[in-house]
Amino acid sequence: DTEVTQTPKHLVMGMTNKKSLKCEQHMGHRAMYWYKQKAKKPPELMFVYSYEKLSINESVPSRFSPECPNSSLLNLHLHALQPEDSALYLCASSQLRGDKNIQYFGAGTRLSVL
Amino acid sequence: GENVEQHPSTLSVQEGDSAVIKCTYSDSASNYFPWYKQELGKGPQLIIDIRSNVGEKKDQRIAVTLNKTAKHFSLHITETQPEDSAVYFCAASNNNDMRFGAGTRLTVKP
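In order, the protein sequence lines correspond to chains E and X. Just add 2 to wherever you are in the first sequence, counting from 1, and you've got my numbering. Just add 1 to wherever you are in the second sequence, counting from 1, and you've got my numbering.
Just so you know, the hints here were simulated from the structure itself, not pulled from any lab data. Keep in mind that the hints are not guaranteed to be accurate.
As the list claims (entries may be wrong) - Result set (DSSO-like, lysine-lysine): computed pairs, CA atoms no more than 30 Å apart in a straight line:
no., chain 1, residue 1, chain 2, residue 2
1, X, Lys-43, E, Lys-11
2, E, Lys-43, X, Lys-72
3, E, Lys-21, X, Lys-72
4, E, Lys-21, X, Lys-110
5, X, Lys-43, E, Lys-42
Given only the sequences and the hints, what does the whole structure look like? Please build it.
Spelled out as structure tokens, the structure:
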């Protein structure tokens, strides 16, 4: 099983709303990632969690707040977003053994900010 | 940081022909190079990967080559089929920091 599950699949929110994106994996992976993907662009790394600790934060605005409650779950809390934050948000996970960082991606949450 | 360049941005081939996509990277510390296929409405799916201590790897119709000295790697798809149509991304990774190329939209015409 190489499945990473993301919910919801679609989300529409206003600029004053607070919402959360969820990601779950049961592969025993100890690294989890959030990426942002705009249309016709590659995924851009936002955050990396290793052993439930934030290890990489790519200077993402504070209106995006990640949380890793346990080794299987990853959340992205959203508050006061801007229309330019509309994008596909991808979650991925990988093992932390060896030199082969195979990242498995979820299907993404398509976010629209009105 | 790592910078990955990918060419071409679009590629159209006839069914049965071969397709080649090329990438270069800048960080000599990168040691793992995966290729992902992304279909409309889906997340990227790994199709093949190569480590820095290997020069070539093949899996049925798909092959990847790596020239570590020149810092470039390529994806080769032979006997292309319409279902190969998608966006393909190369990536370069050092530990768990992975950077993607800009992507190649491959169209295979029946």
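- Hey, E:Lys-21 versus X:Lys-110, does the alpha-carbon distance stay inside 30 Å? violated (42 Å)
- Within 30 Å, alpha carbon to alpha carbon, are E:Lys-21 and X:Lys-72? violated (42 Å)
- Item | Restraint status (C-alpha distance of X:Lys-43 to E:Lys-42 at most 30 Å) | Roughly 13 Å between the alpha carbons, so the hint for X:Lys-43 and E:Lys-42 holds.
- Message: Can you confirm whether the C-alpha distance between E:Lys-43 and X:Lys-72 stays at or below 30 Å?
- Response: holds (23 Å)
- Query: Is the Cα-Cα distance between X:Lys-43 and E:Lys-11 30 Å or less?
  - Reply: Holds: X:Lys-43 and E:Lys-11 sit about 10 Å apart, inside 30 Å.
When the structure is compared with the earlier hints, violations turn up for hints 3 and 4 and for no others.
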